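Asker: Chain residues, written in single-letter form:
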Amino acid sequence: MNWFSLITATSFMPVPATKESGDVDNLYIFLLVSGLISFIILIGGMVIFIFKYRRKTEDQKSAYITHNTLAEFLWSFIPFVIMMIIFAWGWSVFHDLRRVGEKGDVEVHVTARQWAWTFKYANDIEINSPSDKKLLDDPDSTLLKPEIVVVPVGKTIRFILTSDDVLHSFYVPAFRNKMDAVPGRRTTFTFTPIEKGDFTVFCTEYCGTKHSNMMATIRVVDGEQFAAWQAEKIAANAGAITKGPAERGEALFKGSLGCSGCHSIDGSRIVGPSFKGLYGNKRDFADGSSVTADDAYIKQSILVPTAKIVAGFPPAMSSFQGRIKEDEIKDIIEFIKTLK
Amino acid sequence: MAHEQHNYLNHQKGIWSWLTTLDHKRIGIMYFVAIMSFFFLGGVFALLVRAELFTPGKTLFSADVYNRMMTYHGAIMVFMVIVPGIPAIFGNFVLPIMIGAKDVAFPRLNLMSWYMLMIGAAITGSTLFLENVDTGWTFYTPYSSIKTGLGVIPMVLGVFIIGFSSILTGLNFIVTTHKLRAPGMTMNRIPLMVWALYSTAILQVLATPVLAITLLLLIAEKTLGVGIFDPQLGGDPVLFQHFFWFYSHPAVYIMILPAMGVISELVATYSRKVIFGYTAIAYSSLAIAGVSFLVWGHHMFVSGQSEFAGVLFSFITMLVGVPTAIKLFNWIATMYKGSIRLDAPMLFAIGFMFLFTIGGLTGVYLASTGMDIHFHDTYFVVAHFHYVMVGGTLMALMGALIYWFPKVTGKIYSDLTGRISWVFIFSGFNVTFFPQFILGNMGMPRRYYDYLPTFTELNQMSTFGSWLIGTGFLIGLFGVIYALLKGKEAGNNPFGGKTLEWTIPSPPPHENFEKTPVLTGGPYEYR
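Protein chains in written order, with our numbering: chain A, 35 to 374; chain B, 1079 to 1605.
One should not assume that every hint holds.
Claimed, not checked - Interface residues of chain A toward chain B, partial, derived using beta-carbon atoms under 10 Å: (1) I77; (2) W123; (3) F319; (4) S323; (5) V325; (6) Y331.
Claimed, not checked - 27 Å max Cα-Cα, derived BS3-like pairs, lysine-lysine: (7) B:K1576 / A:K86; (8) A:K95 / B:K1576; (9) B:K1300 / A:K342; (10) A:K90 / B:K1566; (11) B:K1415 / A:K90; (12) B:K1415 / A:K179; (13) A:K86 / B:K1415; (14) A:K90 / B:K1576; (15) B:K1415 / A:K168; (16) A:K95 / B:K1415; (17) B:K1489 / A:K90; (18) B:K1136 / A:K310; (19) A:K167 / B:K1576; (20) A:K288 / B:K1415; (21) A:K189 / A:K277.
Derived from the structure by calculation, the hints contain no laboratory data.
Quantities reported herein were computed from a predicted structural model and do not represent experimental measurements.
Every residue gets a Cβ at the ideal spot worked out from N, C-alpha and C, and that includes glycine.
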């Protein structure tokens, strides 16, 4: 940290990790310095006047000055010019951050939902973040460990964002970039990483109980490491096909469907009811009715979650209609059967 | 002589005479009592929110409880405290007197506005006991319309009714200013407080109906399933943001313009000097009111709206900065070669200028599209709008309280108590909110129940500051009680004010003026 970065306070910002973020920091330094000068002129002037023109005797008279056209013109025109500079500069930086319609070298579909991000690469690699493990070794902490999404350095990466339920916002402080994930709409988040390392993704649009938990980690690596990571993931996917239905169900539960964000398998309460000992046992509902949990009930709960609300829980779940295949429902049911 | 002691406070007796009063001065006091109670409640929520954030992870409450407290803090402070605050309390009390009128144009409507606020607040407040709301004060769809409980409906209905209170007050002030000015009181001779209230009233009348309709549409979607905002029903989730900010951005100026009016009065009186650039201050209020209608999209730079929309809204937003800067320059120029006394209200005016300058300058960061992308929805924004709205409006409110207290009650507010209160509030503000700018730089998003350990120290500083602010306001409240019980007799004009309210007895008689005043010059003629 040199004296300049201390003065400009960019030392508080994360290291700029993309091509665009350096431009944002330059604009920030200009804003900070021009703002500081304006503040010193205004407040400094005020403080000087307070001391210089302090009332010393009760009958002290003041000057009679009603206006001064030149001064007033100048202090309207100069701020106007400065603000137009900031506007134009901001626009040019904004244009580089947005890059609407530009194809990326790597394209990833990102789906947000309460309270997880799913990253899907063109070759069907899927990452679901956060994981179901705690981030910190602290019983009071609610943060979950983010899963790692890998992208290559120096390439243009385009994330195509959407949301399954409410508004979320995809924010990477080190990239100085942010974009809302809007249900029913596609938005893009384009960046060109220049620094290798791990960068945190936050959700910045308030989305309910676990808003502050929605994290992911973007790991920027060089091209070979990226290719190796992809090959490893593809091999793991191929291995999954040979697995039995309960294992496939477990992978779906913890992975791409993100069920584990809200439902525990050990009996503990998260957001929704736990799945421990669910299959074949009685479920009591908020409306007083009850049913034995069988295939039909579980399937209905996945596709029409609001049909039967378990007593004591909020009707918080979104429908998985259109996001889950018939076989996948069967695999999930097989997995739930194993949770005695 | 008995006639002289007859004032608006003892004109009629009994609680019923207050609840049915048509006197703008009594209604102002009723607003004061009501709004200060809401302020206390909103403040308690603020302290609880900050206490929860003292450490990462769970400190006192679960995430759901935190989200609710955060929502009530915002909704109460915005809709029930800062928006009605200065216009309803001090506007009601001083506006008719400042223009030489006996009352507002529609006294019954004025009383009705108060009842509207009470009914709305009761309905909104009832959700605290029925079904808590956790949407945040912005009620963004589709979270509010499909994902959270039914408590949103009464909450929003209450805000809808409070909105009508705001519209009626605005209407009343516009007509009063146009129709009831004393002879010789031309528009260019009305005090700047009146100009500020007048500009605010225009915003209240024109912008609030949009909020009302938006909230009705939200209720329609939630109860009847009409697809307006929910994409699953074919609606547009971003449309709500357009509607909401079309009101809520002008509302920011509904909050701050009256505060600016107060500052103009305080700076002139305590510098004992003619205000510098009367016309510029007066018309910059109107300019701010006008431009503020066209800037709502700057809340939506990352919402997925087109790049062109973002750039256009950024450009217009920059324009608001100019009249705002003009006001600051004028106040400071008024102090030049003045005869300045640092009484408590002047300290609050100076505090206002200090905090508002920081708030205003950081507003430029957020108006600039490229920069806003990084800061949007982080603690930088939280710090910015607290500096502007709270540092600005509440500083002005405290200044106004101590300045007009002798006129309202006939008793002097202890200047020492005011100064001590100022030290706590002013330093507390900076300790609370300045670290939040840095948290924003580091990338901590707002509305977070839990945060990474790297953000801990700054959050702790912020929480500590909130205790200082709380203490400062409690001292301010103590000052009110003390002055009512033991305050010295004020006399007609303890501070040497030049506007009309200082020419009549304190407390004022029932009909304000014995004889209608005739104006021969502008306000602030200190020669």
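Asker: Failing hints, ascending?
Answerer: 3, 4, 5, 6, 12, 15, 19, 20, 21
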